[in-house]
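Spelled out from the first residue to the last, the chains are:
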Amino acid sequence: MFLLPVSFSINADYFFLQFTIPIDNGDSVKNAEADSQRTLYPYVTGTSIVAIKYKDGVLMASDMGGSYGSTLRYKNIERMKAIGKHSLLGASGEISDFQEILRYLDELVLNDNMWDDGNSLGPKEVHNYLTRVMYNRRNKFNPLWNTLVLGGVKNGESYLGMVSMIGVSFEDNHVATGFGNHLARPILRDEWHADLSFEDGVKLLEKCMRVLLYRDRSAINKLQIAKITEEGVTVSQPYSLKTFWEFKAFNNPTAGAEGSW
Amino acid sequence: MFRNQYDTDVTTWSPTGRLFQVEYAMEAVKQGSAAIGLRSRSHVVLASVNKAQSELSSHQRKIFKVDDHIGVAIAGLTADGRVLSRYMRSESINHSFTYESPLPVGRLVVRLADKAQVCTQRSWKRPYGVGLLVGGLDESGAHLYYNCPSGNYFEYQAFAIGSRSQAAKTYLERRFKSFNESSREDLIKDAILAIRETLQGETLKSSLCTVSVLGVDEPFHFLDQESIQKVIDTFEKVPEEEEDGGEAEAEAAAAPAEQGGAGDQDVAPMEM
Numbered sequence: 001m002f003l004l005p006v007s008f009s010i011n012a013d014y015f016f017l018q019f020t021i022p023i024d025n026g027d028s029v030k031n032a033e034a035d036s037q038r039t040l041y042p043y044v045t046g047t048s049i050v051a052i053k054y055k056d057g058v059l060m061a062s063d064m065g066g067s068y069g070s071t072l073r074y075k076n077i078e079r080m081k082a083i084g085k086h087s088l089l090g091a092s093g094e095i096s097d098f099q100e101i102l103r104y105l106d107e108l109v110l111n112d113n114m115w116d117d118g119n120s121l122g123p124k125e126v127h128n129y130l131t132r133v134m135y136n137r138r139n140k141f142n143p144l145w146n147t148l149v150l151g152g153v154k155n156g157e158s159y160l161g162m163v164s165m166i167g168v169s170f171e172d173n174h175v176a177t178g179f180g181n182h183l184a185r186p187i188l189r190d191e192w193h194a195d196l197s198f199e200d201g202v203k204l205l206e207k208c209m210r211v212l213l214y215r216d217r218s219a220i221n222k223l224q225i226a227k228i229t230e231e232g233v234t235v236s237q238p239y240s241l242k243t244f245w246e247f248k249a250f251n252n253p254t255a256g257a258e259g260s261w
Numbered sequence: 262m263f264r265n266q267y268d269t270d271v272t273t274w275s276p277t278g279r280l281f282q283v284e285y286a287m288e289a290v291k292q293g294s295a296a297i298g299l300r301s302r303s304h305v306v307l308a309s310v311n312k313a314q315s316e317l318s319s320h321q322r323k324i325f326k327v328d329d330h331i332g333v334a335i336a337g338l339t340a341d342g343r344v345l346s347r348y349m350r351s352e353s354i355n356h357s358f359t360y361e362s363p364l365p366v367g368r369l370v371v372r373l374a375d376k377a378q379v380c381t382q383r384s385w386k387r388p389y390g391v392g393l394l395v396g397g398l399d400e401s402g403a404h405l406y407y408n409c410p411s412g413n414y415f416e417y418q419a420f421a422i423g424s425r426s427q428a429a430k431t432y433l434e435r436r437f438k439s440f441n442e443s444s445r446e447d448l449i450k451d452a453i454l455a456i457r458e459t460l461q462g463e464t465l466k467s468s469l470c471t472v473s474v475l476g477v478d479e480p481f482h483f484l485d486q487e488s489i490q491k492v493i494d495t496f497e498k499v500p501e502e503e504e505d506g507g508e509a510e511a512e513a514a515a516a517p518a519e520q521g522g523a524g525d526q527d528v529a530p531m532e533m
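Residue numbers (this note's numbering), protein chains in the order written: chain A, 1 to 261; chain B, 262 to 533.
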């Protein structure tokens, strides 16, 4: 059977692609409505987020890269944003889906503020709202392709949680997404303890980010660290980590094994 | 108030700017048996009088749990009250499910008030004939609200609605300034005393009233008859002999019942 060319049709209500697919009885072809609005694969992605609870609240680190497949295409993407007064959201995965989530949360925070009644959404509420959104999208087979980290402080209590694209959600003292789970969490399991000072917390995060920089192909050396305390959110200016490449083994890597790399 | 040509539809204004159907709905609240609410900084107590249709039947429930942190007492058309309680429970649980956090009372009463307002502006609806005393706890402390059939809502330190509620209100007006700092026990005692005021002469027994409490670290729950009776015993004189006491009680119960019957001739059976 030969393939017929794809035909595009644009409806006033919404866009949809119509693929004409030949079927067995030759003459007639059936139009299958391919739902191009469903997320099938991610395109522009952010890599790991690492976050820890510390003495005054939560610290979160991420780099500023947006990869297009294996190309490190965008180098100025802020993957951590403040939500309302009490929360900080970091995302890895599809950047456009992250932006969509920010729009949902913007509406949520707006409506919360419009009540103007002394109640406000805390990090726990935002985390659970996001869990519901992610899980519901997963059930419709149209996920938001992100792993989200939600940290915050309200009434003196720190909160740190994570939601994945399939709606798995939990809280912990330290969380990481993507490669961070494999490279950063072991470090955190050994070295995290309660009531870290700000300096120690940043040092610990930088240690994790350095390992990710060495080992994660989609990491770039331009990172931000965000802090959230009772006072509010501050996201640092982007900066780079010092790296060291003068290990002896790198000098003559093929010594003893000619032809290898 | 008297019948006039502007009171047939809820969507008809009178020349003096009144909606008579809404006001008539508020009259229905006054016919129901009394419900009382009081709050301190940390607790809210809701109490009601147990009125039964006849000696043969049980009394109607007037206090409902909406959530662990919210309760509601109603007066007026109990059927309307039940439906609105179901709405409140639904709103509360949906919020809990989405945000894993208790719904702030203030937001619940606004939704309730908006729901009531709709019925005052549709020609094919009628206003809800029930007043609701909503007591609850949220981040900003304990609150008590009164939701009116008109769609208005007000916040109170203490309030009473239903028949003979004026007597209770007078009692509460004398005491309300101290409620904020009251202990839980004092608050309960004041609630039962306020209920006693509405009974006007009838001996107060624990079977005649329902009392519920909620507070910080205390989810909404009803007090059992024993606890209520214990509080009553602290201020009511104990009957001297059981037989005499029994007779005296029977007489006392019969008298108000007759008075109640005569006075409440206009009370429709659906109102409690």
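Careful: at least some of the hints might be erroneous.
[Stated by the list, open to error] Just some of the chain B residues that point at chain A, by a computed CB distance under 10 Å:
hint : residue
1    : R264
2    : Y267
3    : D268
4    : W274
5    : T359
6    : G367
7    : V371
8    : D375
9    : S401
[To be verified] Derived DEER-like restraints, expressed as beta-carbon distance ranges:
hint : chain 1 : residue 1 : chain 2 : residue 2 : range
10   : A       : E107      : B       : S318      : 30 to 40 Å
11   : B       : H482      : A       : S240      : 37 to 47 Å
12   : B       : R322      : A       : K140      : 36 to 46 Å
13   : B       : D270      : A       : F141      : 44 to 54 Å
14   : A       : Q237      : B       : H482      : 49 to 59 Å
15   : B       : R435      : A       : G156      : 16 to 26 Å
16   : B       : R372      : A       : R189      : 41 to 51 Å
17   : B       : N413      : A       : K207      : 52 to 62 Å
18   : B       : E442      : A       : G118      : 13 to 23 Å
19   : A       : E107      : B       : E316      : 36 to 46 Å
20   : A       : K207      : B       : H482      : 49 to 59 Å
21   : B       : R435      : A       : N111      : 21 to 31 Å
22   : B       : D270      : A       : G156      : 24 to 34 Å
Hints listed in this document are in silico derivations from the structure and should not be mistaken for laboratory results.
Yeah, the Cβ is synthetic: ideal placement off N, Cα and C, and Gly gets one too.
Comparing the hints with the structure gives:
no.: 1; hint: R264; verdict: 41 Å, violated
no.: 2; hint: Y267; verdict: 36 Å, violated
no.: 3; hint: D268; verdict: 36 Å, violated
no.: 4; hint: W274; verdict: 30 Å, violated
no.: 5; hint: T359; verdict: 5 Å, holds
no.: 6; hint: G367; verdict: 5 Å, holds
no.: 7; hint: V371; verdict: 8 Å, holds
no.: 8; hint: D375; verdict: 13 Å, violated
no.: 9; hint: S401; verdict: 5 Å, holds
no.: 10; hint: A:E107 with B:S318: 30 to 40 Å; verdict: 50 Å, violated
no.: 11; hint: B:H482 with A:S240: 37 to 47 Å; verdict: 59 Å, violated
no.: 12; hint: B:R322 with A:K140: 36 to 46 Å; verdict: 41 Å, holds
no.: 13; hint: B:D270 with A:F141: 44 to 54 Å; verdict: 50 Å, holds
no.: 14; hint: A:Q237 with B:H482: 49 to 59 Å; verdict: 54 Å, holds
no.: 15; hint: B:R435 with A:G156: 16 to 26 Å; verdict: 40 Å, violated
no.: 16; hint: B:R372 with A:R189: 41 to 51 Å; verdict: 45 Å, holds
no.: 17; hint: B:N413 with A:K207: 52 to 62 Å; verdict: 60 Å, holds
no.: 18; hint: B:E442 with A:G118: 13 to 23 Å; verdict: 21 Å, holds
no.: 19; hint: A:E107 with B:E316: 36 to 46 Å; verdict: 57 Å, violated
no.: 20; hint: A:K207 with B:H482: 49 to 59 Å; verdict: 51 Å, holds
no.: 21; hint: B:R435 with A:N111: 21 to 31 Å; verdict: 42 Å, violated
no.: 22; hint: B:D270 with A:G156: 24 to 34 Å; verdict: 55 Å, violated
Checked against the numbered hints given earlier, this structure breaks hints 1, 2, 3, 4, 8, 10, 11, 15, 19, 21, 22; the rest are met.
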